[in-house]
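Undergrad: So the protein sequences, as listed, match chains A and B.
Here the first sequence is numbered in my numbering, starting from 1 and rising by one per residue.
Here the second sequence is numbered in my numbering, starting from 1001 and rising by one per residue.
Think of the hints as simulated: they come from the structure by calculation, not from any bench.
Check each hint, because a few of them may be wrong.
Said to hold, decoys possible - DSBU-like mimics (lysine-lysine), calculated; alpha carbons at most 35 Å apart, straight line:
id: 1; chain 1: A; residue 1: Lys56; chain 2: B; residue 2: Lys1056
id: 2; chain 1: A; residue 1: Lys56; chain 2: B; residue 2: Lys1091
id: 3; chain 1: A; residue 1: Lys592; chain 2: A; residue 2: Lys644
id: 4; chain 1: B; residue 1: Lys1087; chain 2: A; residue 2: Lys665
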Amino acid sequence: MPRWRAFWVRALGFLDRERRERDFAEELASHLDMHVENNLRAGMAPEEARRAALLKLGGVEQVKELHRERRGLPLVDMLVQDVRLALRMMRRSPGFTAVAMLLVTLGVGANTVMFTVVNTLLLRPLPYPDAARLQLVQTVGEGGGAAAAAVPDYHEFRSGNRSFRSLAAFYSRPLDVTGGEEPERIRVLIVSSEFLGTLQVPPARGRDLVPADERWGDHRVTLLTDGFWRRRFGADPAILGRPITLGAEPYTVVGILPPAFSFVGLEAQALVPMAFAPGDNMNSHNNYFLTMVGRLGTDATPASAAGDLNRISESIIAEHPENRGSRVDVRPLQAAVVEDVKPALLVLFGAVAFVLLIACANLANLLLARAATRRREIALRIAIGASRRRVLGQLLTESVVLAACGSALALALAWVSVGTLDSLSQTVLPRTEAIRIDGAVLAYTALMAVLTGVLFGLVPALRGMDVDLGDALKEGARGGDPRGHRIRAALVVGETALSLVLLIGAGLMMKSMHTLARADAGFDARRVLTVQLGVPRRKYIDEQLERRFSNLAYARSTRFFAEVVEQVRSVPGVTTVGAINGLPLMGEVWGKAVTLYDRPLPATLTDLPPIQYRVVAGDYFRALGVSILSGRAFTEADTEQGAKVAIVNREMARRYWNGLDPIGKVISVNPPIELVPRGTVPPDYEPARLTVVGVAADVRYAGLNVPPSPVVYAPFAQGSEGATTMYLVVRAEQDPLAPVRAIRDRIRQIDPDVPVSSVQTMEARVSASVARPRLRTIVLGAFAGVALLLAAVGIYGVMSYAARQRTREIGIRMALGASSRSILTLLMRSGFAMVALGVAGGLLGAAALTRALRTLLYGVSTTDPLVFAAITGALVAVSLVAALVPARRATRLEPLVALREE
Amino acid sequence: MGDSLEVRQGTLALMVLKTLEAMGPLHGYGLARRIEQTSGARLAINYGTLYPALLKLEQEGHVTSEWGRSDNNRRAKYYRLTRAGRKRVEKEARDWERTAAILACFFRPKES
């Protein structure tokens, strides 16, 4: 106990050091006075009395030092002293301090922001209790392509598995909310009853779903997200138990989700239970659309769970061969959510580490230059008895204090930047709402501060101490430090190499972006407006007829879209109007299998070639500028009563008809009855046979960077098959946004219950589709730009320092008649050497590291020689200019001035 | 002085405590003199070494100090034993006697 008490008293000892110092000085003075007095009384001479007393005491200063040591903890004391000294040094040279802090702030700030993002998305668990046990369970096709599970499969997985504490399934659909104000189309998550239980997120109000909610007829209940409840219903708690109109049906609100609820980046506004009417084709092995999420039991691992589910899958396949070739994949939900952004995040995180290293190299150079001017001070300290370790500690404290101050600024910078991330869309960066600076980030920044301080401070400190006392004190501050110069040059070579790696990386990304922007997407986005329109299913589709596969079921929706096209066409400023069920770049919307009647039927359903299916109304092809390569586009004559027709894209013609003209070939987008499982279709089922009447140019539906796959287009009137969501494509004479108001009015006149949403120009859609690659290109480009700037500053610094060191030598040479040209050559030689070594290192590094970009590049090899050459050339040019400026300045010296310089 | 002993830190602390116990509050110089007298001038202490020892005892809470007036009206800092200090003296004294007794067994001339 007393020992601990002593420790704390000492640890706090530095607080009132000056008072204690005075106090003890007085105590010693009184001690000496008493002793001297005694000695005098004993008969000594005054001189002698004082001397004897001092001797007996053992020296005033020595006693004071002993006392001082005991007073505080020497280590703490030393640290406080060093930090004070460091702050004083920083105040004394504000220019140096500002530059150094700027470097640290840039380097550490960029690192902190990146770490904040990485920490949230890759390190911190998802916002569910015990989130590590949550797994995304997906059925995948043979080729590895993500497929989905059918409802009956899910039921077997749910009841038969032994690995999951609970296994939920979900899919999402857009549904219209009507009644009250404007109709609105929202995304609804349709889930099995244990969905929230699996995530362990109980509703904030009301109740969770129960198994009984999955029963058809009892299923019209819904839970609203907090955001939707506040926005649409003004956070009215009385909404619980009341019905709202979803998809033209009344759903009772039974619960409200907690405010922070989010699920895998799906911006869903409501949950409804998954339920199917008896005999519903959705609930069969013809329809695969479910994804599952499960919470692992205590003993299970993702691998064991996958084994378990695949065992069940085998037994399902034995009974239902149409599932053949699919297997179940289980992986952690966290990894699944971020898998798209993870490679880019890691690349950018590596890039900021490079930037920080380069900043450290520059800082080390700055400190080295300063250490040279401080040699005298250091030599003096050592001469009057400071140990070398003590001086090293003090120099390191200086750099760490500098780094800490810079890091504090960096943290403020990061705070501001992280706030702006929220404005990014979920498609660019998932879970932006969760990204924030937390304890882990603070700890990371603190660690960075200390590490960078030591990293850029250690070499200069060791150099600074390597002084020959006699020389340093004798010789005035001047004098070369050849080894110091070599270290500085090596640092510059290193940072040149690092920045070349970053620049090449950024160059590859830019070229990829450029290739992407110039990729032939197959359409002309200029002056095109797109509008999403959804008709309420209840009102527009006759479900009785639909169950009998009668095309008459869709007569009303066909009429509606025909009328919309007709009406919008007459809006002033509009030239052409069409509609399609899925716009280019939106991703796959409707996959089907095609039957080609000019060849034998395959053995099973899964052997039919897959295609993307698009239904179009009006002049879609002309409106979007998609060329018809042969044959014709659809016309108004292609009605329900007319001959059934189709248009295929060029890729389809290439793949299945060897690029020969397929006009007149007969196909079907629904499987022949021979291949359909018995009992799932009525006995008189006969899929429509379509005659190919045209070939359209390849349009990139899945994204600019995805090569086109086979597409079959059908007229909406003949093949809508219950599609209720269409995108109007309007080509305008001038500004495509000008007619928006008029278009809205026309549609409201036709049916006020049809929500108009996602009004965007096609150019905006194109731009949004490359938002993610563009963002990472911009960020990496910015990092590379900073790196280049820092490297140039580094070269400039070393060259001017070297030139200054050689001022006398240059003066002598010039006095002896050397031309300024030969002086320039002399000085530039070292500049050339540094740049050459840096470039060599950088090229090697880039060749090894750009592999990490492979998945992020489109149409560019990771060792694209053009990019490597162009970027290297640019770097060499910039570095040589940075070297040339100080070298030329040195040659312009007057020899006399140069010689006098001392 | 050739025969005098160097004093170890711990021993010095004990001497200080014991002296304070016997004499009551004392200033540093008085304490030093007193310890020298008690030892019969057989100890060679630099008076200066006393002060870090006093500081340590103070930090541990065994003594306290305050400024006061000496006999001939001089300002001096007086050290006084605290309750914890008194306890420590008792304990150390007991320990010392036991240790001394044990050591004595070893150093006593062997009985043949």
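Undergrad: Please go over all the hints and tell whether each is borne out by the structure.
TA: Taking the hints in turn, this is what the structure says about them:
Note on Lys56 (chain A) and Lys1056 (chain B): the hinted pairing holds, with a Cα-Cα distance of about 21 Å set against a maximum of 35 Å. Restraint check for Lys56 (chain A) and Lys1091 (chain B): satisfied, since their Cα atoms lie roughly 32 Å apart, inside the 35 Å limit. Pair hint Lys592 (chain A) plus Lys644 (chain A) holds up; C-alpha atoms about 17 Å apart against a cutoff of 35 Å. A threshold of 35 Å between alpha carbons decides the hint, and for Lys1087 (chain B) with Lys665 (chain A) the separation of about 110 Å lies outside it, so the pair is violated.
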